[in-house]
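Chain A is fixed; fit chain G with the ligands onto it per the hints.
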Amino acid sequence: MVVTGDYSAAYGALICDVDVVAAYPITPQTFIVEDFSEFVADGLTDAEFVKVESEHSAMSACIAAQAAGARTFTATASQGLALMHEMLFVAAALHLPIVMPVVNRTLAAPIGIWCEYNDTMPERDTGWLQVYCETNQEVLDMVIQSYKIGEHRDVMLPVMPSMDAFILSHTVEPVHAPSTDEVADFLPRYQPQAILDTSNPMTIGSFAPPEYIQEIRYQSEVTMQKAREVIQQVNDDFAQTFGRDYHGLIEEYRTDDADVVLITMGTVTGTAREVVDDMRREGKKVGLVKLRFFRPFPLQELRRVAENVEAMGVYDRAMSFGSGGPAFIETRHALYGLDIPVVNFLAGLGGRDVVKEDVRLMFEKTLKAAKEGRAENETVWIGTRGVKP
Amino acid sequence: MDGLDTGAENTWCPGCGNFGILRAVKKAVQRLEETGVERDRLVICAGIGCHGKIFDYLHLSGLYSLHGRSVAAVSGMKMANPELRPIAFVGDGDAYGEGLAHLLFAAKRNMDVTVLVHNNGVYALTTGQFTPTTARGARTRSSPRGNVEEPFHPLALLLEAGATLVARGYPGRLDHLAELIVQAVQHPGFAMVDILQPCVTFHDTYKEYNKKVEVLEEPLDYPGALVLARERDRLPIGIFYRTEKPVYHRELHGDLHPIRDSLSRKQRWQLVQKLLSGETNE
Ligand SMILES: Cc1ncc(C[n+]2csc(CCOP(=O)(O)OP(=O)(O)O)c2C)c(N)n1
Ligand code: SF4
Ligand SMILES: [Mg+2]
Numbered sequence: 083m084v085v086t087g088d089y090s091a092a093y094g095a096l097i098c099d100v101d102v103v104a105a106y107p108i109t110p111q112t113f114i115v116e117d118f119s120e121f122v123a124d125g126l127t128d129a130e131f132v133k134v135e136s137e138h139s140a141m142s143a144c145i146a147a148q149a150a151g152a153r154t155f156t157a158t159a160s161q162g163l164a165l166m167h168e169m170l171f172v173a174a175a176l177h178l179p180i181v182m183p184v185v186n187r188t189l190a191a192p193i194g195i196w197c198e199y200n201d202t203m204p205e206r207d208t209g210w211l212q213v214y215c216e217t218n219q220e221v222l223d224m225v226i227q228s229y230k231i232g233e234h235r236d237v238m239l240p241v242m243p244s245m246d247a248f249i250l251s252h253t254v255e256p257v258h259a260p261s262t263d264e265v266a267d268f269l270p271r272y273q274p275q276a277i278l279d280t281s282n283p284m285t286i287g288s289f290a291p292p293e294y295i296q297e298i299r300y301q302s303e304v305t306m307q308k309a310r311e312v313i314q315q316v317n318d319d320f321a322q323t324f325g326r327d328y329h330g331l332i333e334e335y336r337t338d339d340a341d342v343v344l345i346t347m348g349t350v351t352g353t354a355r356e357v358v359d360d361m362r363r364e365g366k367k368v369g370l371v372k373l374r375f376f377r378p379f380p381l382q383e384l385r386r387v388a389e390n391v392e393a394m395g396v397y398d399r400a401m402s403f404g405s406g407g408p409a410f411i412e413t414r415h416a417l418y419g420l421d422i423p424v425v426n427f428l429a430g431l432g433g434r435d436v437v438k439e440d441v442r443l444m445f446e447k448t449l450k451a452a453k454e455g456r457a458e459n460e461t462v463w464i465g466t467r468g469v470k471p
Numbered sequence: 356m357d358g359l360d361t362g363a364e365n366t367w368c369p370g371c372g373n374f375g376i377l378r379a380v381k382k383a384v385q386r387l388e389e390t391g392v393e394r395d396r397l398v399i400c401a402g403i404g405c406h407g408k409i410f411d412y413l414h415l416s417g418l419y420s421l422h423g424r425s426v427a428a429v430s431g432m433k434m435a436n437p438e439l440r441p442i443a444f445v446g447d448g449d450a451y452g453e454g455l456a457h458l459l460f461a462a463k464r465n466m467d468v469t470v471l472v473h474n475n476g477v478y479a480l481t482t483g484q485f486t487p488t489t490a491r492g493a494r495t496r497s498s499p500r501g502n503v504e505e506p507f508h509p510l511a512l513l514l515e516a517g518a519t520l521v522a523r524g525y526p527g528r529l530d531h532l533a534e535l536i537v538q539a540v541q542h543p544g545f546a547m548v549d550i551l552q553p554c555v556t557f558h559d560t561y562k563e564y565n566k567k568v569e570v571l572e573e574p575l576d577y578p579g580a581l582v583l584a585r586e587r588d589r590l591p592i593g594i595f596y597r598t599e600k601p602v603y604h605r606e607l608h609g610d611l612h613p614i615r616d617s618l619s620r621k622q623r624w625q626l627v628q629k630l631l632s633g634e635t636n637e
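Chains as they are written, first to last, in the numbering used here: chain A, 83 to 471; chain G, 356 to 637.
If we strip away everything but chain A, and leave its shape as in the complex, we get (with noise of 0.2 Å):
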């Protein structure tokens, strides 16, 4: 089929035979909630559709529908993600699988509509598993993939699969659907642990004094970290049943012998693929890490990659003000012992485009700090009218 990233989540939605769906309309969101719509009213699927009266509702009844061993599905957004921020951590720290795609879009002020990660970046501290995907056929397995994972015994966690707004969620690319019993065999039903069940009470979220709450911090912090090795078994088994490899946490891109590499995500990777092979063909030797999940974050693999170049690049569509762009936060962070230059590129920010030439001058800049043996500038604003990159 040929369709656009908000239909690709709308039919992941589909095929993995969700039974509850809550949302709320935000564009670049609208048409996933819409063509989940036309689904249900086609007679696609007996799924129970809740059109709520705001995103903080939208979680509110997603939660409730998973705690009440419910498979469930909802999408935001933007401001929309905003305002769900407090039902994230109860959906996160209650267990409960349920899968989101979120579209970036940049949050207000000032009021825009096109990509930007700041509104799902602020989120990566909730307990949500985060991926960001760069074609409209990874949109559509990531949300299978992200029931598998989220659903896995050891992990037990909700995840946000993540699409770049418009250049995704409204441009059609070609993607190969799964039909209904190819994913079934895939992804069995839900097997909730808990449930709200009248016959078997109990209390789902109660309070909790100092003497429970730190140990239940603590095993969320252990499913995150189990959920690593769930993911790359979820990936491997994908790939062997669909023939579609998306490598895990990072997908490497020319790394072999590269004296530099950039990370990028989103749709951005598209671009820099290119600029790799145009800039392999001059002889520069530079590679790719495609940065896919931001939670669990990739540490040891992107340490792996560091430990054979001479500096990193990291890109970023979003920024945390008074420190740096969160990829770069977390990359250095990964790196710490490493003496290699690591350097920030901020870049497309409020959706404004990325193009071949700002990824060169990223691999360039990159390529001179290898040089150099240290960066210029750690941070460099990429496009920003009166600011010098």
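If you are wondering where the hints come from, they were derived from the structure by calculation, not from laboratory data.
Backbone N, C-alpha and C define an ideal beta-carbon position, used for all residues, glycine too.
A few of these clues could be false.
Unchecked claim - A few chain A residues facing chain G, derived, Cβ under 10 Å:
1) Pro-107
2) Thr-112
3) Glu-120
4) Ala-123
5) Leu-126
6) Lys-133
7) Pro-192
8) Ile-193
9) Trp-196
The following block gives chain G with the ligands in isolation, referenced to the frame of chain A:
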């Protein structure tokens, strides 16, 4: 030239009811000026939606708020500077859905602000999903098999919440709508005008409204207003109910103007010393 144009490109669909609302607001601003309400006392705020674009088309000071939050924002404006006359332009999804709590509480407190609801029965900017005022059974992008929910009676809801001026207007009766807006802004207390706004793209109601709309000559008493507000088959426009009650900012701090009358450093220090020495104001 009324000096209210901004030159911003208008992106409403041709024929949208919002054009009439914009024109009525401009008329109202001029009439208000004639009655002594200066233009720089009017501050505006808007939610997110097609309605919110009016913010870009009106040369008046203001703050662009978030979806659902502009009633809270105008409340803040009034509290900080009681000399202002804040107007919130809100949508039905915006104020009757996402931000309903703000609307009800502003009415309950009798916050001295004006709320103009562009009620088109649809989330228009997000391209056509049902809202709290969409009729039962209506097929929309989010209810392809028909809406299964009962819509709100917004005027009745606001009457119950304590609004002191509750009205309904229609841009097809431009002059009448302009006059309602003037009355709402001049009203000391919480005023809401629910505006029947046809959305030609997703919910075209011109024909129905042109046929059904009837002018209500006089405000009613409270029980009468409630009964009429619950009517589904008739569409009276005009002021349903009006009363006067103490306004919130005065109840809270009398004639104090928090910006102009804020204490100097010295005055604050004297107050602190007085407190520490055990003296009280009483
Ligand atoms: C928290 C949040 N959720 C969702 C949205 C997306 N959104 C923008 S406008 C809108 C609906 C607007 O409907 P309404 O208030 O009726 O205004 P109209 O477009 O009909 O004038 C929505 C849901 C948003 N901006 N913020
Ligand atoms: S979609 Fe509807 S409300 Fe929005 S501008 Fe067009 S006609 Fe007006
Ligand atoms: Mg509306």
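A quick look at each hint next to the structure:
no., hint, verdict
1, Pro-107, "4 Å, holds"
2, Thr-112, "5 Å, holds"
3, Glu-120, "6 Å, holds"
4, Ala-123, "4 Å, holds"
5, Leu-126, "12 Å, violated"
6, Lys-133, "5 Å, holds"
7, Pro-192, "8 Å, holds"
8, Ile-193, "6 Å, holds"
9, Trp-196, "15 Å, violated"
In summary, the structure is inconsistent with hints 5 and 9 from the numbered list given earlier, while agreeing with the others.
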